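K.L.:
These protein sequence lines are chains L and W, in that order. Under the working numbering, the first residue of the first sequence carries the number 1, and numbering increases by one thereafter. Under the working numbering, the first residue of the second sequence carries the number 1, and numbering increases by one thereafter.
Everything labelled a hint here was simulated from the structure, so no lab data went into it. Because the structure is a prediction, the values reported are computed rather than measured. Don't take each hint at face value.
[What the hints assert, rightly or not] Residues from chain W that face chain L, not an exhaustive set, calculated with beta carbons under 7 Å: (1) R123; (2) M128; (3) I148; (4) F167; (5) R186; (6) P307; (7) S308; (8) G420.
By construction, the Cβ of each residue, glycine as well, lies at the ideal position given by its N, Cα and C atoms.
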Amino acid sequence: MSPLNIEKGSSSHSAYDLRSHMSDVVETHTLAILVANEAGVLARVIGLFSGRGYNIESLTVAEVDHAGHRSRITIVTSGTPQVIQQIKMQLERMVPVHEVSDLTVEGPHVSRELALIKVEAKDESRVESLRIAEIFRANVVDSTLESFIFEMTGTPEKIDAFADLMRPLGDVRMARTGVAAMARGL
Amino acid sequence: MTQMTGAKMVVEALKEQGVDTVFGYPGGAVLPIYDEIFQQNEIRHILVRHEQGAVHAAEGYARSTGKPGVVLVTSGPGATNAVTGITDALMDSIPIVCLTGQVPTFMIGSDAFQEADTVGITRPCTKMNWLVKETDELASTIHEAFHIATSGRPGPVVIDIPKDVQFATGEYKAKPKVSQSYYQPRVKGDAEMITALVAAMEEAERPIFYTGGGVINSGTGASQLLRELVEATGFPITSTLMGLGAYPASGEKWLGMLGMHGLYEANLAMHGCDLMICIGARFDDRITGRIADFSPNSRKAHIDIDPSSINKVIHADFPIIGDVGHVLEDMLRIWKSRGRKTRSDAVKRWWGQIEDWKKIRCLDYKPSEKTIKPQYALERLEALTKNHDRYICTEVGQHQMWAAQFLGFDDPNRWMTSGGLGTMGYGTPASIGVQVAHPDALVINVAGEASWLMNMQEMGTAVQYRLPVKQFILNNERLGMVRQWQELLHGERYSHSWSEALPDFVKLAEAFGAKGFCVSDPADLDDAIMEMLAYDGPVIFDCLVEKHENCFPMIPSGKAHNEMLLGEAETQGAIETGGAVLV
């Protein structure tokens with residue numbers, strides 16, 4: 001349907017937005033949602049996604065303004081342009097939601113994820129895993145004779161790449177925070 | 001600084017909000033509030049027979065008055081029974097404030113007796129809900145709840161109040177003179193977009209107004225403005241099930257209801273128009289039919305107070321976010337200031353086309369001298385009650401569609417029906433809520449016998465409060481709409497769509513202390529209806545109708561507006577397998 005062949009996961013940053021409103025190309029968007037920090041607000045936001053069949057690829061939430069009782073939820077979601085538009089509208093009309101920003105369309109933004117990656121590393125693979133960690137600027141936060149835990153921050157793709165390189169060396173287990181994102185500039 | 005108990009705060013806050021009626025059912029977790037209700041006379045409490053009935057009654061009250069409906073129920077089963085009504089109010093955008101009791105705060109989470117996670121259960125079916133844990137916050141939460149339920153797109157809210165919060169003493173906070181809430185939806189539409197729409201109206205050759213429940217919700221002023229705009233422009237107007245009465249059915253420009261069981265001329269006009277002006281409606285699947293073929297050659301304007309309604313289903317060329325009343329006022333003002341222009345010759349030709357469609361006489365049915373046709377029963381009901389101060393409720397099914405087709409509504413707030421959720425059992429309690437609000441009016445619930453049985457316990461409420469509601473049951477001893485779909489879609493295999501053990505409705509009426517009538521001969525119908533109207537008290541009117549009558553016209557699921565079925569002859573193979581998966 002779409003005149004442009006935009007791959008899944010990408011988004012048009014062209015000034016000439018030629019995408020059809022009813023396009024069936026699935027895009028990934030990062031949404032920053034400022035909400036009142038009150039009981040049940042996270043359940044309300046997540047319930048919207050599950051109730052209406054929208055995707056959540058990643059979710060982070062924490063209080064960001066204690067005095068003002070504000071929390072910030074960062075959601076990475078995917079859908080056709082029409083679905084993304086609906087998600088934003090549905091979020092905006094929720095009573096405890098103060099602001100919804102679509103970082104993907106609003107301009108350049110920084111997005112980071114923190115991961116703890118436990119790698120089974122014995123014998124010669126210990127050195128190799130440390131070498132890869134150095135390249136990725138991952139820190140060792142725990143070490144035993146059979147394993148390391150690395151801490152690293154980066155884009156989800158960087159963390160994926162790191163884990164992919166570690167896997168041939170031994171068993172890899174991960175804890176990831178999900179993406180926190182913010183628009184660049186003021 | 002006014003100190004009082006939480007229970008007293010509830011009553012004070014309701015009084016301050018101007019509440020005169022509460023529909024409810026007591027139980028352990030709301031006893032302190034009931035104790036306060038006992039000790040005052042300003043708020044009238046109507047004891048229903050089931051909590052679902054309380055919410056539907058409050059909906060009937062709200063829809064017929066334009067004021068929010070208030071419900072008071074206990075914890076656990078009281079709250080869960082109310083969920084269907086709350087969901088119904090959410091789907092139809094009806095302002096409801098539902099107060100639920102909860103087990104004491106220190107017992108929450110312990111699986112206490114009659115404990116349920118009420119805020120968790122009602123989160124997806126309310127506009128907003130709260131669990132109040134501090135008595136100091138109770139009054140302000142109730143005031144905020146009324147503000148949220150009634151502003152923007154209206155809807156139901158739930159306030160869950162633990163029993164210890166009701167007993168404890170705290171500070172009562174009065175209703176703020178100006179709302180302090182950050183929730184302040186935009187009511188004024190964008191002037192530039194409205195001007196663009198007016199310019200499109202000036203050029204339109206085949207325009208149509210398509211209006212919905214949003215016009216009713218915006219208040220009687222919005223209906224007045226709509227009438228003025230329609231008369232001034234001379235454009236045809238159709239409406240959804242929810243919007244009937246905003247423009248009078250006796251009006252010259254009225255095409256009748258549109259949609260799945262809407263009128264032929266209304267649906268074809270929607271299909272063939274070049275400018276569609278949607279006002280306070282939401283392009284529901286019952287309206288659009290097959291999306292890909294929905295009104296293919298028109299530009300579409302969508303006026304709605306809820307931004308998420310716009311572009312949800314159908315792309316809007318003129319999206320206008322705002323309150324219907326405010327936007328209509330601006331449309332009229334701008335249109336007048338630009339010289340009141342329309343393409344009157346083209347619009348006249350358009351009307352000529354519409355008059356041709358009307359000649360099909362899509363509501364015609366085969367009359368019978370032996371059995372009462374349901375359409376005939378409604379025609380007679382219409383003729384004999386037209387001049388009364390009349391309110392109509394319905395249940396859900398064939399009778400509901402026939403009522404929408406055959407009864408005329410000349411004013412808003414006169415038609416109460418479960419549109420979005422399609423809740424069988426809605427009509428009886430709704431009629432009770434309407435009658436409470438309008439004690440001297442004629443309130444009729446047009447019902448099917450199957451739907452009616454779902455909340456028939458509310459006849460007890462009608463009798464207790466001497467509410468002379470007329471339950472007009474079109475009894476075909478079938479689940480008529482289910483049966484119709486089984487005939488069209490499932491090879492005439494009538495799986496569980498009839499009941500073999502219906503009660504004797506006349507005896508049932510007498511058992512409740514009401515009056516019963518049973519009619520089966522068309523010749524007796526008028527006299528029986530007159531007797532029903534003359535009887536000063538609640539009535540169950542058992543009208544035995546043709547058992548296998550189908551409701552036409554019909555747009556089969558998955559078909560477009562111009563693929564309507566008009567009668568029995570056309571039904572063979574009408575719904576293809578693709579359409580069968582749709583509801």
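K.L.:
Against the earlier hints, flag every one the structure doesn't satisfy and list their numbers going up.
P.N.:
Violated hints: 4, 5 and 8; rest satisfied.
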